[in-house]
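For reference, the chains in residue letters:
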Amino acid sequence: MLRQFAVPVALVAAVGVVVAGCGGPASSGSRDTLGMSLNTDPATFDPALAKGGDDYTVARLLFDTVVRKDEGNTLAGGIASEWKAIDASNYTFTIRAGLKCSDGSAITPSVVAASLTRFAAKDTGSSGRTLATGSAKATFTPDDTAGTVKAALSKPWSDFLTGLTLPQAGIVCPAGLADLKGLAAGTVKGAFSGPYTLTSSQAAVSYQLTLRDDYSAWPTFAQPLEGKPAKQLNLMPITDIATIATQMLSGSLDVGGVNDENVVRFADNSQFTSTTAANTTTYLLFNERPGTVFADRPDLRAAVAQAIDAQAFSDIISGKRGTTIATVGSDKVACVNTNKQLLVAADAAAAKATLTGVKFRIVGTTLLRGGNEYIGEALRKAGAKVTVSSLDNANWATVTAAGGKDWDINVQGDNNQLGTLTSSLLRVMGPATENGGRNKMGLVNDEGYGHVQKAMSEVDKSAQCAALQGAQKSFLQRVDAIPLATLPTTVITASGVGIRKFDDYIDPATVRITD
Amino acid sequence: MAHAAVAEHRSTSPWLHFAVRRLIGLAAIFLVLLVVSFLIVQLIPGDPAAGLAGANADLADIERIRHQLGLDQPLWQRFIDYAGGVLSGDLGTSFMYRQPVLTIIENRLPFTATIALAGIAIVLLVAIPLGMLIGVLTQGGRRKWLDTGFGFVTGFLDSVPGYVMATFLVVMFALGIGVLPLFPPAYTPRFGSASFVLPIAAIVIGPICTVSRVVRRETAVVLGNDYQRTAHGWRLPAWKRYIKWALPNLLTSTLTVSGLVLTGLIGGAVVIESVFALPGLGSGIIKAILDRDYPVIQAMVIVIGMIAALINLLVDILLGLIDERTLGGSHVSA
Chain E
1 MLRQFAVPVA LVAAVGVVVA GCGGPASSGS RDTLGMSLNT DPATFDPALA
51 KGGDDYTVAR LLFDTVVRKD EGNTLAGGIA SEWKAIDASN YTFTIRAGLK
101 CSDGSAITPS VVAASLTRFA AKDTGSSGRT LATGSAKATF TPDDTAGTVK
151 AALSKPWSDF LTGLTLPQAG IVCPAGLADL KGLAAGTVKG AFSGPYTLTS
201 SQAAVSYQLT LRDDYSAWPT FAQPLEGKPA KQLNLMPITD IATIATQMLS
251 GSLDVGGVND ENVVRFADNS QFTSTTAANT TTYLLFNERP GTVFADRPDL
301 RAAVAQAIDA QAFSDIISGK RGTTIATVGS DKVACVNTNK QLLVAADAAA
351 AKATLTGVKF RIVGTTLLRG GNEYIGEALR KAGAKVTVSS LDNANWATVT
401 AAGGKDWDIN VQGDNNQLGT LTSSLLRVMG PATENGGRNK MGLVNDEGYG
451 HVQKAMSEVD KSAQCAALQG AQKSFLQRVD AIPLATLPTT VITASGVGIR
501 KFDDYIDPAT VRITD
Chain G
1 MAHAAVAEHR STSPWLHFAV RRLIGLAAIF LVLLVVSFLI VQLIPGDPAA
51 GLAGANADLA DIERIRHQLG LDQPLWQRFI DYAGGVLSGD LGTSFMYRQP
101 VLTIIENRLP FTATIALAGI AIVLLVAIPL GMLIGVLTQG GRRKWLDTGF
151 GFVTGFLDSV PGYVMATFLV VMFALGIGVL PLFPPAYTPR FGSASFVLPI
201 AAIVIGPICT VSRVVRRETA VVLGNDYQRT AHGWRLPAWK RYIKWALPNL
251 LTSTLTVSGL VLTGLIGGAV VIESVFALPG LGSGIIKAIL DRDYPVIQAM
301 VIVIGMIAAL INLLVDILLG LIDERTLGGS HVSA
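Going down the list, the protein sequences come from chains E and G. Be aware that the first sequence starts at 1, since it is given in full-length UniProt numbering, and climbs by one per residue. Be aware that the second sequence starts at 1, since it is given in full-length UniProt numbering, and climbs by one per residue.
Source of the hints: derived by calculation from the structure; they are not laboratory data. As the structure is a prediction and not an experimental result, all values here were calculated from the model. Please note that the accuracy of each hint is not assured.
Which chain G residues face chain E? A few, computed with CB under 7 angstroms, are given here [unchecked claim]:
hint	residue
1	L43
2	D47
3	T188
Computed beta-carbon distance windows for the label pairs [said to hold, decoys possible]:
hint	chain 1	residue 1	chain 2	residue 2	range
4	G	L180	E	T387	57 to 63 angstroms
5	E	T366	G	R64	24 to 30 angstroms
6	G	L75	E	D460	34 to 40 angstroms
Quick look at which bits of chain E chain G covers, simulated, 3 or more residues with Cβ under 8 angstroms [what the hints assert, rightly or not]:
hint	stretch
7	233 to 243
8	350 to 362
9	457 to 470
Think of the CB as a built atom: it goes at the ideal place given N, C-alpha and C, for glycine as much as any other residue.
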């Protein structure tokens with residue numbers, strides 16, 4: 001490590017680097033190796049404990065899941081070749097034969113069951129547990145002879161199969177489960193079930209992932225991937241999006257996440273391809289806990305909706321890349337409401353008549369700062385006395401998840417990792433955050449939550465959608481939340497490199513060299 | 001008696017007094033950094049446990065993480081644990097990376113050291129000859145235009161903030177976006193050590209101007225001394241007059257300024273590393289603050305503070321080697 005830096009310290013080397021810099025890349029930039037950006041360092045290499053976007057990226061590359069997301073809200077085989085929902089509480093998976101962990105040991109049904117049991121255990125603390133199993137307890141029973149794993153949930157949860165596509169549900173091999181500390185640090189060589197192994201990890205600098213020679217569990221997508229996987233992936237944590245864009249343009253990176261107005265730097269540039277997904281949605285969410293301004297005041301909540309222009313908000317937060325929505329999920333999520341007649345129509349005069357002189361506090365994340373300010377200004381224009389606080393993510397999460405009365409309107413940015421409507425609906429109905437749920441609004445909304453529970457007990461898609469439509473209609477009529485817009489995620493790939501998007505999910509493990 | 005005391009004082013090496021005084025100073029700085037670094041992180045709003053728990057966590061998850069991190073302990077208990085760890089060589093474990101903080105610092109320090117040490121070497125190697133050259137050429141009021149031009153250009157460049165200079169260099173010379181694309185715009189292993197060219201250039205331009213202006217002024221003063229005028233009158237070789245006799249007399253003030261400049265370079269690295277995405281201590285401390293990674297913030301404050309103190313000590317030792325009279329001077333500080 002130190003040797004790398006010894007030479008540049010000397011003046012002679014300082015002259016040398018000037019010369020070296022003029023020639024282009026120090027290495028040839030072989031097409032077997034790709035450079036890929038991360039927004040920050042992965043906090044852990046333990047897939048079950050993954051909590052942020054970059055954790056999910058490395059988990060997806062290092063660990064396979066039993067099923068994978070495919071186009072059109074369908075599933076593709078991963079470690080499981082077949083899967084079946086007997087009902088909303090009982091499922092069977094047939095494990096593909098001949099699969100191996102990175103230490104050469106076999107991935108048997110027992111290995112799969114042990115890993116999923118840990119993922120679904122409350123004590124593990126996985127952020128994906130409630131998304132995959134709801135409030136149910138999951139039991140996994142392997143049958144190594146038949147090559148199957150049976151899953152039984154104590155309560156129905158029809159999002160279960162989709163939940164097992166989450167990177168948090170990645171299968172950890174026995175060597176990893178035997179050394180959880182090493183698993184988190186990425187140092188257990190035999191822990192990986194995915195296509196890559198972690199061969200070098202230098203926090204804050206780079207992470208080197210190497211393709212396994214003995215890997216054969218490529219997912220069976222309906223439309224097969226084109227090209228070949230990179231033999232080596234160099235992941236670089238770069239916080240600033242403008243820098244990622246510049247690095248892409250300079251040829252330093254092959255795959256980069258560019259989620260803001262820097263996308264325009266690649267417009268009309270044939271050397272790059274952009275892939276955009278809208279798995280983050282935004283909506284206003286009212287605090288309706290007893291004693292707050294908006295509690296039992298649907299008229300006041302409707303007046304806020306009358307004062308807001310969702311299109312203006314959308315243009316501000318995404319540089320005109322997003323679209324307005326009619327529920328808490330994006331249009332590609334199954335069963336979403338697209339009927340804008342259910343939304344409160346804009347009416348500046350009516351809003352002013354109701355809101356004049358009313359005091360309330362708006363909170364939001366710095367990610368949506370411009371949008372937060374717009375909401376504040378729109379409501380001030382309607383006569384309300386408003387304070388706006390843009391907090392960083394951790395602070396915002398603390399304030400809005402703690403319950404209490406410290407805020408009145410939350411500008412919610414909702415990263416729908418699962419790609420189902422339930423995870424977002426439970427932000428506006430069901431058990432409150434202070435009671436172990438996801439609902440930030442504070443009131444259960446028995447009618448809406450009843451619809452969600454019914455939907456989760458159905459395996460028939462049309463029956464499930466009918467119930468979810470009822471849940472959406474309920475919160476929209478109550479004006480517990482005001483749908484705003486999508487916040488698109490864009491991945492830029494250099495010429496000769498491809499990545500696949502499945503509905504609103506861009507899968508990092510589908511990066512391929514195509515030339 | 002008085003004579004005996006003076007004689008005893010004179011018989012004691014000034015280096016011994018210097019060493020004792022500076023060791024006490026270093027220990028005091030370390031203690032202040034230890035206390036201040038602990039207290040300042042408590043002022044950062046927000047809960048590290050909530051940030052680590054993620055968007056889908058419930059309050060029980062957050063509380064469990066808070067317990068795991070020891071954040072549910074009273075403040076005094078946490079300080080005792082922290083101070084005890086630091087004094088025994090354990091800087092703690094990063095909340096974010098779940099790795100020893102020492103490993104994080106070992107990963108990042110080479111980047112900061114590279115641009116700071118290469119920077120100061122370039123500053124000295126460019127600024128001293130440049131300042132002397134201008135001083136010689138403008139000696140005795142000759143070439144007024146050169147003196148004025150030098151003062152204007154160096155004054156202007158010195159006044160440009162580091163982040164503006166860094167951005168300017170990217171716009172001018174960065175691959176992919178520059179007018180004259182020569183160097184990578186940010187750190188990337190693919191381009192090797194060429195990644196350091198623009199950051200070093202951004203960090204040295206201001207200090208080169210500062211130091212060369214000091215050297216130019218000192219050169220004018222030194223060349224005006226009687227012994228220089230006598231040497232000139234005897235027509236002794238120019239290199240002897242400038243290199244052998246003038247240069248050593250310039251070094252005291254030059255090294256003093258350079259020590260301050262190097263300390264400033266480390267401070268400036270906070271900005272420069274962010275512009276060029278260099279994963280050094282500077283960008284690391286910003287990231288640690290955003291992540292509320294208390295152990296990393298505390299350790300980096302201590303490490304950066306002690307590096308600054310040691311640089312000042314090193315400069316004072318060099319000054320002492322050049323002129324022993326400076327060892328007892330009250331103008332130096334740890």
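Taking the hints in turn, this is what the structure says about them:
1. L43: violated (13 angstroms)
2. D47: Status holds, d = 5 angstroms.
3. T188: Holds - the Cβ of T188/G comes within 7 angstroms of chain E, reaching about 4 angstroms at its closest.
4. L180/G <-> T387/E: 57 to 63 angstroms: Check failed, 49 angstroms falls outside 57 to 63 angstroms.
5. T366/E <-> R64/G: 24 to 30 angstroms: holds (26 angstroms)
6. L75/G <-> D460/E: 34 to 40 angstroms: violated (56 angstroms)
7. 233 to 243: It holds, with 7 qualifying residues against the three required.
8. 350 to 362: n = 0 at 8 angstroms, threshold three: violated.
9. 457 to 470: n = 0 at 8 angstroms, threshold three: violated.
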